[in-house]
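Enquirer: Between the sequences and the hints, there should be enough to build the whole structure, so can you do that?
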Amino acid sequence: MPHQTTLRTPSTMAAGLALALLTAGPALAQAPADTAEAPDTSTANVEISDPDELVSDSAEQTLRDETPKIDLPEQVSEVSYIVFDDIDGNLNDHLLNWSAENRPELVPDGTDKGDSWANGQLIVAVSMGARENGVYCGDDVCAALDLFKGPHHDRTLEDMKPGLGSDGDAPNFTVSFLDAVRTAADPSLVTEDNGPSGATIAAIGGGIGAVVLGGGGWAYVYSRRKKTAEAKEHYDYVSREFGSVAQRLDHIDIRANSLTSPIADAELRRQWEEVRDEFLALGDVVGNSGLTAKSTDAEFRAHHEELAGAAESVEHIENAEKNIERIFSMEHGDSAARREELTQLSEDIVSAQTETKDENLTARLGALESEALELRDELAADDFMDRYADLLRSYGHLLELVKNSEMPELDEDAEGRHAPRIYDRDYRVGHGYAGWVPFVYMSSWHHADVQAAQSASSSGTNTSFSSGFSGGGGSSSF
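Taking mature numbering (1 follows the signal peptide of the UniProt record, and there is no 0), I'd label the letters of the sequence shown as residues -29 to -1, 1 to 449.
Worth flagging that the hints you see were computed from the coordinates, not collected in a lab.
Predicted, not measured: the structure shown is a model, and the values here were computed from it.
Don't take each hint at face value.
Stated by the list, open to error - Straight-line distance between alpha carbons at most 20 angstroms, and here's what the computed SDA-like set of lysine to any residue pairs gives: (1) Lys40 / Thr199; (2) Lys197 / Lys84; (3) Lys120 / Ala338; (4) Lys120 / Val421; (5) Lys84 / Gln46; (6) Lys40 / Ala273; (7) Lys120 / Asp224; (8) Lys198 / Glu283; (9) Lys374 / Ala338; (10) Lys293 / Asp248; (11) Lys328 / Trp416; (12) Lys328 / Pro379; (13) Lys40 / Asp248; (14) Lys293 / Gly214; (15) Lys120 / Ser448; (16) Lys293 / Pro379; (17) Lys40 / Lys197; (18) Lys84 / Lys40.
What the hints assert, rightly or not - Listed next, with one range per pair, are the computed distances between beta-carbon atoms: (19) Glu238 / Asp348: 29 to 35 angstroms; (20) Arg396 / Ser322: 19 to 25 angstroms; (21) Ile225 / Gly85: 52 to 58 angstroms; (22) Thr14 / Glu276: 18 to 24 angstroms; (23) Ser27 / Arg196: 28 to 34 angstroms; (24) Gly85 / Val411: 39 to 45 angstroms; (25) Pro44 / Glu386: 18 to 24 angstroms.
In this text, a Cβ means the ideal position worked out from N, Cα and C, and glycines have one as well.
Expert: Okay, here's the thing in structure tokens:
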């Protein structure tokens, strides 16, 4: 493919951009100890509704004092704590009907089919009489916290339960509610984590100490530390690698544009141009951060997303460089590279053949595997790359038939489900060519979808409303 003459030349801008981007140098390991800082605070309003007067004045005050200290996203404008004793029906329906009569601002569009909770709302509710607890959210909050339903919502409900006590025990609403909000604030916490839960509270009792040491509280502190460490790690990585990668970018681009085999199709070219342009934009994204090795933890956390994006961009370029060189080597007769890629392809075909039940498809996969082995005996063939591409095209067609026949539960359109791309670490030559996705990926996705369907059918979380209300969140029993 012809070289892009309009491409900006990173080799001429590398030194200046690298200096502007990262003035402190790479030695984060030599940075001083963490700088003392004021705790992060949220601007979210706190509203407490206690129609049956179950919450003490001191507990209400603690909720008002402690909730703003939780690092909530800007989408959360109000945290509503709602406590019932006995209720009519289940918590979801009772809360919805009660809100319409007593706090209509929570359901501004109504309570019918398709309506949702008000934007900005994070609602934590409980019925002590029915022993049901729930967490609900406006659409914007649900999206920001991955809280509409699923493993993070389930984990939030679970971390809320220990503070509510066993049947007959006095609840600690402060502990329960703050644990729920802290867990809700960290979408990385899901039921599969098997991390510490609010059960810690039962061992140490109530009070403010429990607020800090409870499962959600522990997770909150851990999450902040993890976020800080990740930001510093990304900063260190970008500061080490950016300049070197920028100096090599012209060469990588020329090499990418010199590929001539069918594997270097329009999609692969698009992927390279995308990752190249993202790297060139790094100076605009991160250059104004003002970070140095002596910046505070809060400053690093504030730039966590920008640093993560910068580190990902640098890593993508480095991965793409290796993968482009791999294709180039195969195109120019590297027998070792050709043999290794064919072996990988053959192993994937065997996996598909082994797990496929349809006899006709199994036979066709066996024939294709024989073709791959034959080509492996002709590594020096002039038409090797053309034949390799033909193999991939035929294999992709067979896998489409396998998917349609034996993987009805597979959702290929789910986020992140695609063949590894030219800038991915696990890319193999030909991934994505003519739509080919290796069988091992398809099989893994299919297994996950089957497991998810089984888990959903047995989940104890109720996210439905009898009116057809579409608001996010739901409830469970304790």
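Enquirer: Next step is simple, just say for each hint if it's right about the structure.
Expert: Structure-based check of all given hints:
1. Lys40 / Thr199: holds, 17 angstroms
2. Lys197 / Lys84: violated, 40 angstroms
3. Lys120 / Ala338: violated, 45 angstroms
4. Lys120 / Val421: With Cα atoms ~18 angstroms apart, Lys120 and Val421 stay inside 20 angstroms; holds.
5. Lys84 / Gln46: It is violated: about 24 angstroms lies between the C-alpha atoms, which goes past 20 angstroms.
6. Lys40 / Ala273: holds, 16 angstroms
7. Lys120 / Asp224: violated, 44 angstroms
8. Lys198 / Glu283: Measuring from Cα to Cα gives roughly 16 angstroms; hence the hint holds.
9. Lys374 / Ala338: holds, 19 angstroms
10. Lys293 / Asp248: holds, 18 angstroms
11. Lys328 / Trp416: holds, 18 angstroms
12. Lys328 / Pro379: This hinted pair holds, its Cα atoms lying about 14 angstroms apart.
13. Lys40 / Asp248: Roughly 39 angstroms separates the two Cα atoms, so the pair is violated.
14. Lys293 / Gly214: Status holds; Cα separation ~18 angstroms.
15. Lys120 / Ser448: holds, 16 angstroms
16. Lys293 / Pro379: Given that 20 angstroms is the threshold and the Cα spacing comes to 36 angstroms, the pair is violated.
17. Lys40 / Lys197: Distance of about 18 angstroms is within 20 angstroms: holds.
18. Lys84 / Lys40: The given pair, whose Cα atoms are some 36 angstroms apart, is violated under the 20 angstroms limit.
19. Glu238 / Asp348: 29 to 35 angstroms: Holds: the Cβ-Cβ distance is about 30 angstroms, inside 29 to 35 angstroms.
20. Arg396 / Ser322: 19 to 25 angstroms: With a Cβ separation near 21 angstroms, Arg396 and Ser322 satisfy 19 to 25 angstroms, so the hint holds.
21. Ile225 / Gly85: 52 to 58 angstroms: holds, 54 angstroms
22. Thr14 / Glu276: 18 to 24 angstroms: This hint holds: roughly 19 angstroms between Cβ atoms.
23. Ser27 / Arg196: 28 to 34 angstroms: holds, 32 angstroms
24. Gly85 / Val411: 39 to 45 angstroms: Given a distance of about 40 angstroms, which is inside 39 to 45 angstroms, the answer is holds.
25. Pro44 / Glu386: 18 to 24 angstroms: Since the Cβ atoms of Pro44 and Glu386 sit about 19 angstroms apart, the hinted range of 18 to 24 angstroms holds.
Violated hints for the displayed structure, listed by number in ascending order: 2, 3, 5, 7, 13, 16, 18.
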